[in-house]
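Those protein sequence lines, which keep their order, are chains S and P.
If you count the first sequence from 1, position 57 lands on 57 in this note's numbering, and the numbers rise without skipping.
If you count the second sequence from 1, position 45 lands on 186 in this note's numbering, and the numbers rise without skipping.
Read the hints as simulated data drawn from the structure, not as lab findings.
Be a bit skeptical, because a hint or two may be false.
Between beta-carbon pairs, the in silico distance windows are [said to hold, decoys possible]:
{"hint": "1", "chain 1": "P", "residue 1": "Leu198", "chain 2": "S", "residue 2": "Ser76", "range": "35 to 43 angstroms"}
{"hint": "2", "chain 1": "P", "residue 1": "Val199", "chain 2": "S", "residue 2": "Glu88", "range": "40 to 48 angstroms"}
{"hint": "3", "chain 1": "S", "residue 1": "Asp71", "chain 2": "P", "residue 2": "Val184", "range": "21 to 29 angstroms"}
{"hint": "4", "chain 1": "P", "residue 1": "Arg172", "chain 2": "S", "residue 2": "Gln131", "range": "40 to 48 angstroms"}
{"hint": "5", "chain 1": "S", "residue 1": "Ser121", "chain 2": "P", "residue 2": "Arg181", "range": "19 to 27 angstroms"}
{"hint": "6", "chain 1": "S", "residue 1": "Glu74", "chain 2": "P", "residue 2": "Ala215", "range": "34 to 42 angstroms"}
{"hint": "7", "chain 1": "P", "residue 1": "Leu230", "chain 2": "S", "residue 2": "Asp90", "range": "16 to 24 angstroms"}
{"hint": "8", "chain 1": "S", "residue 1": "Pro72", "chain 2": "P", "residue 2": "Arg144", "range": "55 to 63 angstroms"}
{"hint": "9", "chain 1": "S", "residue 1": "Ala66", "chain 2": "P", "residue 2": "Arg144", "range": "34 to 42 angstroms"}
{"hint": "10", "chain 1": "P", "residue 1": "Asn178", "chain 2": "S", "residue 2": "Gln131", "range": "18 to 26 angstroms"}
{"hint": "11", "chain 1": "S", "residue 1": "Arg109", "chain 2": "P", "residue 2": "Ala150", "range": "33 to 41 angstroms"}
{"hint": "12", "chain 1": "P", "residue 1": "Arg181", "chain 2": "S", "residue 2": "Ala66", "range": "43 to 51 angstroms"}
{"hint": "13", "chain 1": "S", "residue 1": "Glu74", "chain 2": "P", "residue 2": "Ala201", "range": "54 to 62 angstroms"}
Quick partial rundown of chain S residues pointing at chain P, CB under 7 angstroms, derived from the structure [said to hold, decoys possible]:
{"hint": "14", "residue": "Thr64"}
{"hint": "15", "residue": "Lys67"}
{"hint": "16", "residue": "Ala69"}
{"hint": "17", "residue": "Phe96"}
By construction, the Cβ of each residue, glycine as well, lies at the ideal position given by its N, Cα and C atoms.
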Amino acid sequence: MTALAAIVTIAASGFAVGAATMSDSDSRPDERTSDPGPVPSTTSSSPSGSSVAPPPSASDLAITIAKFAFDPPEISGVIGDTVTWTNEDDVTHNVFTSDQLLASADLERGDTYSIVLEDASVIDYYCDIHQYMRGSITVAP
Amino acid sequence: MNRPTVLRAAVAIGSLVIGVVHLRLYLDAYRDVPIENLGRSFVLNAIAATFAAVIVLVVASRWAILVPLIVANATLVAFGLSRTDRGILGFTEQGWRPTPDAAVAVLAEIVTAVLCVMALASRHTKNSD
């Protein structure tokens with residue numbers, strides 16, 4: 001009887017820990033309808049893949065989401081530049097800032113999210129699903 | 142087939158589902174997670190779950206049922222930890238992602254654990270008679 005009680009205790013502890021930790025799963029800010037500063041757009045198709053390098057003053061900055069990381073993790077731009085994230089992973093990612101300045105929809109493989117830089121600042125962003133995935137954009141006037 | 146045999150077979154199937162889901166996740170994406178040993182933990186889970194499925198079918202001892210019970214519960218705890226701010230091995234993930242793999246795995250883990258307890262209780266009752 002003692003052995004059976006121990007087994008039931010082991011099983012119950014697994015359920016309890018799993019259930020308790022899952023209660024944190026939806027505690028992240030999920031109000032993604034707020035008006036972000038930069039002008040965002042999300043598409044479900046990849047951007048046109050031009051192999052021609054843009055001129056120095058060009059306004060397109062590309063960030064790839066691959067292997068659970070933003071690449072490059074840090075970039076610099078100027079006001080008016082367009083930044084586009086493209087998810088090349090087979091798992092869902094997104095792009096968020098803690099103040100909801102950036103708040104993309106969930107990006108499946110091939111989906112993109114774009115913003116236009118409007119203020120000189122440093123934008124620290126992350127994936128809300130995998131919060132160790134982080135990057136930053138330094139915006140110059 | 143008698144009830145204990147059916148339960149053991151069901152436990153084996155549940156364990157295999159746990160292992161297959163984790164192996165698939167590893168091959169599809171999680172081997173690329175830039176956190177040391179995170180990807181390997183998925184492979185380890187798949188190996189342990191497969192081992193548990195074989196053990197529960199091959200070894201008649203009641204203690205053999207503890208193997209899938211421990212694997213199922215450990216996997217469930219690991220999933221729960223990955224949903225906390227601290228994460229597991231530094232890895233965090235939110236919600237029931239990836240879809241539907243996370244839900245399938247958790248369901249398999251709970252069902253397997255319950256079946257293990259039922260199998261052990263059944264044997265315990267039989268031994269007490």
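Quick rundown of the hints versus the structure:
For leucine 198 of chain P paired with serine 76 of chain S, a C-beta distance near 60 angstroms fails the hint of 35 to 43 angstroms. Under the hint 40 to 48 angstroms, the C-beta atoms of valine 199 of chain P and glutamate 88 of chain S, about 43 angstroms apart, fit the expected range. A hinted range of 21 to 29 angstroms for the beta carbons of aspartate 71 of chain S and valine 184 of chain P is consistent with their spacing of about 25 angstroms. Taken as a hint, the range 40 to 48 angstroms is violated for the pair arginine 172 of chain P and glutamine 131 of chain S, whose Cβ atoms sit roughly 20 angstroms apart.
At about 40 angstroms, the beta-carbon gap between serine 121 of chain S and arginine 181 of chain P misses the expected band of 19 to 27 angstroms. At roughly 38 angstroms, the beta carbons of glutamate 74 of chain S and alanine 215 of chain P sit within the given window of 34 to 42 angstroms. Taking 16 to 24 angstroms as the suggested C-beta distance range, the pair leucine 230 of chain P and aspartate 90 of chain S conforms, at roughly 20 angstroms. The hinted window of 55 to 63 angstroms between proline 72 of chain S and arginine 144 of chain P holds, with their beta carbons roughly 60 angstroms apart.
A beta carbon spacing of about 50 angstroms between alanine 66 of chain S and arginine 144 of chain P contradicts the range 34 to 42 angstroms that was offered as a hint. Here the CB-CB span from asparagine 178 of chain P to glutamine 131 of chain S is close to 19 angstroms, well matched to the stated 18 to 26 angstroms. For the hinted restraint 33 to 41 angstroms between arginine 109 of chain S and alanine 150 of chain P, the CB-CB distance of approximately 37 angstroms keeps it satisfied. The given range of 43 to 51 angstroms is broken by arginine 181 of chain P and alanine 66 of chain S, whose C-beta atoms sit roughly 20 angstroms from each other.
Taken as a hint, the range 54 to 62 angstroms holds for the pair glutamate 74 of chain S and alanine 201 of chain P, whose Cβ atoms sit roughly 59 angstroms apart. With a cut of 7 angstroms, the hint placing threonine 64 of chain S at the interface with chain P is violated, because the nearest CB-to-CB distance is about 13 angstroms. Interface hint at lysine 67 of chain S: satisfied, since its Cβ lies 4 angstroms from the closest Cβ of chain P, which is below the 7 angstroms cut-off. This hint holds: alanine 69 of chain S has a C-beta 6 angstroms from the nearest C-beta of chain P, less than the 7 angstroms allowed.
With 7 angstroms as the threshold, the beta carbon of phenylalanine 96 of chain S stays out of range of chain P, its nearest partner Cβ sitting at about 11 angstroms, so the hint is violated.
Hint compliance for this structure: hints 1, 4, 5, 9, 12, 14 and 17 are not met, and every other hint is.
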